[in-house]
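Using the numbering used here, you'd call the opening residue of the sequence shown number 47 and step up by one each time.
Read the hints as simulated data drawn from the structure, not as lab findings. For clarity, every value in this text was computed on a predicted model and none was experimentally measured. Check before you lean on any hint, since a few could be wrong.
Straight line, CA to CA, 30 Å or less: simulated DSS-like cross-link-like pairs of lysine-lysine [as the list claims (entries may be wrong)]:
#1 223 - 262
#2 435 - 402
#3 170 - 279
#4 346 - 246
#5 452 - 118
#6 174 - 110
#7 279 - 452
#8 485 - 174
#9 268 - 174
#10 246 - 279
#11 132 - 485
#12 262 - 485
Quick list of the computed label-pair ranges, beta carbon to beta carbon [to be verified]:
#13 479 - 346: 52 to 62 Å
#14 478 - 200: 52 to 62 Å
#15 605 - 172: 24 to 34 Å
#16 280 - 455: 42 to 52 Å
Heads up, the beta-carbon is just placed ideally off N, CA and C, and yes, glycines get one too.
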Amino acid sequence: MPVPPMNRREFVQKSAVTGAAVAVAGAVGAGEAQAAEPKARTWSFSILGTTDLHSHVFDWDYYKDAAYSDAKGNSVGVARVATLIKQQRAAKGEHRVLLVDAGDIIQGTSLAYYFARVRPITDKGAPKHPMAVAMNHMRYDAAALGNHEFNYGIEVLRKFEQQCHFPLLGANALDAKTLKPAFQPYTVKRICVPGAPDIKVGILGLTNPGIALWDKDNVSGKMVFPGLVEQAKKYVPRLRALGCDVVFLTDHSGLDGSTSWGDSLPYVENASNLVAEQVPGIDAILVGHTHVEVPSYTVKNAETGDEVLLSEPYCWGYRLSVFDFELELHHGQWKVTGKTAQTLDPKNVDEDPEIKKLLEADHQLVVKYVNTAVGTCTQDLSAAESCWKDVPIMDFIHKVQMETVKAGLSASDAALPLISVAAPFSRTADIPQGSVTIKDIAGLYIYDNTLYGKKLTGAQLRDYLEFAAKYYYQVPAGTKVDTATLTNANKFWDYMYDTAAGVDYEIDIAQAEGSRIKNLTYDGAPVADDQVFVVAVNNYRANGGSGYPHIATADIAYSSTNEIRQLMIDYVTAKGALDPTDFAVTNWKLTQAGTPVF
Numbered sequence: 047m048p049v050p051p052m053n054r055r056e057f058v059q060k061s062a063v064t065g066a067a068v069a070v071a072g073a074v075g076a077g078e079a080q081a082a083e084p085k086a087r088t089w090s091f092s093i094l095g096t097t098d099l100h101s102h103v104f105d106w107d108y109y110k111d112a113a114y115s116d117a118k119g120n121s122v123g124v125a126r127v128a129t130l131i132k133q134q135r136a137a138k139g140e141h142r143v144l145l146v147d148a149g150d151i152i153q154g155t156s157l158a159y160y161f162a163r164v165r166p167i168t169d170k171g172a173p174k175h176p177m178a179v180a181m182n183h184m185r186y187d188a189a190a191l192g193n194h195e196f197n198y199g200i201e202v203l204r205k206f207e208q209q210c211h212f213p214l215l216g217a218n219a220l221d222a223k224t225l226k227p228a229f230q231p232y233t234v235k236r237i238c239v240p241g242a243p244d245i246k247v248g249i250l251g252l253t254n255p256g257i258a259l260w261d262k263d264n265v266s267g268k269m270v271f272p273g274l275v276e277q278a279k280k281y282v283p284r285l286r287a288l289g290c291d292v293v294f295l296t297d298h299s300g301l302d303g304s305t306s307w308g309d310s311l312p313y314v315e316n317a318s319n320l321v322a323e324q325v326p327g328i329d330a331i332l333v334g335h336t337h338v339e340v341p342s343y344t345v346k347n348a349e350t351g352d353e354v355l356l357s358e359p360y361c362w363g364y365r366l367s368v369f370d371f372e373l374e375l376h377h378g379q380w381k382v383t384g385k386t387a388q389t390l391d392p393k394n395v396d397e398d399p400e401i402k403k404l405l406e407a408d409h410q411l412v413v414k415y416v417n418t419a420v421g422t423c424t425q426d427l428s429a430a431e432s433c434w435k436d437v438p439i440m441d442f443i444h445k446v447q448m449e450t451v452k453a454g455l456s457a458s459d460a461a462l463p464l465i466s467v468a469a470p471f472s473r474t475a476d477i478p479q480g481s482v483t484i485k486d487i488a489g490l491y492i493y494d495n496t497l498y499g500k501k502l503t504g505a506q507l508r509d510y511l512e513f514a515a516k517y518y519y520q521v522p523a524g525t526k527v528d529t530a531t532l533t534n535a536n537k538f539w540d541y542m543y544d545t546a547a548g549v550d551y552e553i554d555i556a557q558a559e560g561s562r563i564k565n566l567t568y569d570g571a572p573v574a575d576d577q578v579f580v581v582a583v584n585n586y587r588a589n590g591g592s593g594y595p596h597i598a599t600a601d602i603a604y605s606s607t608n609e610i611r612q613l614m615i616d617y618v619t620a621k622g623a624l625d626p627t628d629f630a631v632t633n634w635k636l637t638q639a640g641t642p643v644f
């Protein structure tokens, strides 16, 4: 809906958050009150939304050491988004605009890693987290907790929270002992309307229940994460009871009702649509977590029949969601009469010069760090075909995982056969011939996973590999295989697909799901159902990530807090030269009815 033009300046004075976790914004100067209409009957305001920023400050790719670019011409980073936000505030009025984020802020780039591990914000005298600096400058009003907020541990998250001038909201992040909120559940903002009551906007934050699985090592016994619907049913009525005219949710949870963890948790992963449908009293929801763009989407509430407006602005600062609300005053109470949502693309605006001024030095520190040479490589190693071929660059990951786990096993477990599973996280990863830098390895292993060794039987290992093989579409024998359409069946993304090293096997893509693993052998002999293996695996998968069978409940033979990426850096540093002949062993291949595909 169109926004009425602003013909006067407005002034809003912010007060501190008080006992009921209410943040108040809004006071109008006497001169403005005199200039205003004595009785305002309609008003409009906007809520701008970002999500899954993953510590992208500038339009820069640390893995490539170059300006970010992709096939669609997108830009990344809050520095460009900040310019769009300034434009929105200028067009609509400074205090007709609120700014909210839906989570996953402090993990995802080399910048994030640097200020969590290399020069952690928890160290005495360390600078503030760059995302706190940028978001404070941008004047965020609230942000939901994302699951990746917990990747570096609660101490780092709490320090980041202290550095933010806005609340981190998590109504379903509870203290494990008291079951009371571990973070502020909501905040209430006031939109000042001259000559009329303030518009009270309740902002409720909800995070992802999957944190209990994905960051089990960091949160177990400390926090629990019930479902979004369950907690929204508790807090939305509370916000209405506080007199909120508008109830706005920021959910780190997608909107299709899907779940990646099977039955490992009793809650839905992507539940925003269910919240809208099942919880009355919600006007709109900013959606996050799934890294997709959904400019505008409506869900009808089953109880009231009211339409709930949802928008997801894509990740990394690719887009900015804009929710526009129109209200009318009825008997002293504001009522929403219209609402729309859209997404804006920041690629054609300049980066905010103030953010560049504030954070350019931090950025350059990280650029210097990622370009640090750690060794050499005897030939170019590419991940371009890693999703359908056994390539040496993936065997590098397996080699490091197996050597690390092997060194930490007990004498009895060391006698068991050892294998490794790992996912092809990035098809663009490449370790060049010649000098190898930190960015080359970081670009291959982009997540901050730690390492486990878990025990699986031969039968369980077969189930595990069959589960992985659903990544491929079925291609009948005699049909040409097109790699452009071969992978990501069942919405099984690259990071969800594990290959195995240490065993030999075939994946017959001509067969139906569940019957694709053929000729599974270890050391030249068929794998027996009761044969016990130690499996080197990352913590995300070991704790149930992506819903693989057996692995979450399997016995632990090894665990470590060391990140796999750093183990890989240490491996190259210790060896001096990376030689793929040391670890390039063919372990798996795709077939069609027994005939090799590649």
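Pair hint outcome, residue 279 versus residue 452 [Cα-Cα no greater than 30 Å]: Violated - the C-alpha atoms of residue 452 and residue 279 are around 49 Å apart, more than 30 Å.
Range hint 52 to 62 Å (beta carbons of residue 478 and residue 200) holds or violated: 38 Å, violated
Pairwise hint evaluation, residue 262 against residue 223, where the allowed Cα distance is 30 Å at most: Measuring from Cα to Cα gives roughly 16 Å; hence the hint holds.
Restraint status (C-alpha distance of residue 174 to residue 110 at most 30 Å): 25 Å, holds
Pairwise hint evaluation, residue 174 against residue 268, where the allowed Cα distance is 30 Å at most: Since the Cα atoms of residue 268 and residue 174 sit roughly 25 Å apart, the hinted pair holds (cutoff 30 Å).
Proposed proximity, residue 174 with residue 485 (alpha carbon, max 30 Å): 23 Å, holds
Pairwise hint evaluation, residue 279 against residue 246, where the allowed Cα distance is 30 Å at most: Measuring from Cα to Cα gives roughly 20 Å; hence the hint holds.
Hint check for residue 172 and residue 605 - Cβ pair distance inside 24 to 34 Å: For residue 605 and residue 172 the Cβ distance comes to about 28 Å; the hint holds.
Holds or violated: residue 262 to residue 485, with C-alpha atoms at most 30 Å apart: Distance ~28 Å between residue 262 and residue 485 Cα, so the pair holds.
Satisfaction of the hinted span 42 to 52 Å by the C-beta atoms belonging to residue 280 and residue 455: About 46 Å separates the Cβ atoms of residue 280 and residue 455, which means 42 to 52 Å holds.
Proposed proximity, residue 279 with residue 170 (alpha carbon, max 30 Å): 41 Å, violated
Residue 452 paired with residue 118 [C-alpha distance capped at 30 Å]: Answer violated: residue 452 to residue 118 is near 44 Å, above 30 Å.
The structure fails hints 2, 3, 5, 7, 11, 14 (numbered hints given earlier, in ascending order).
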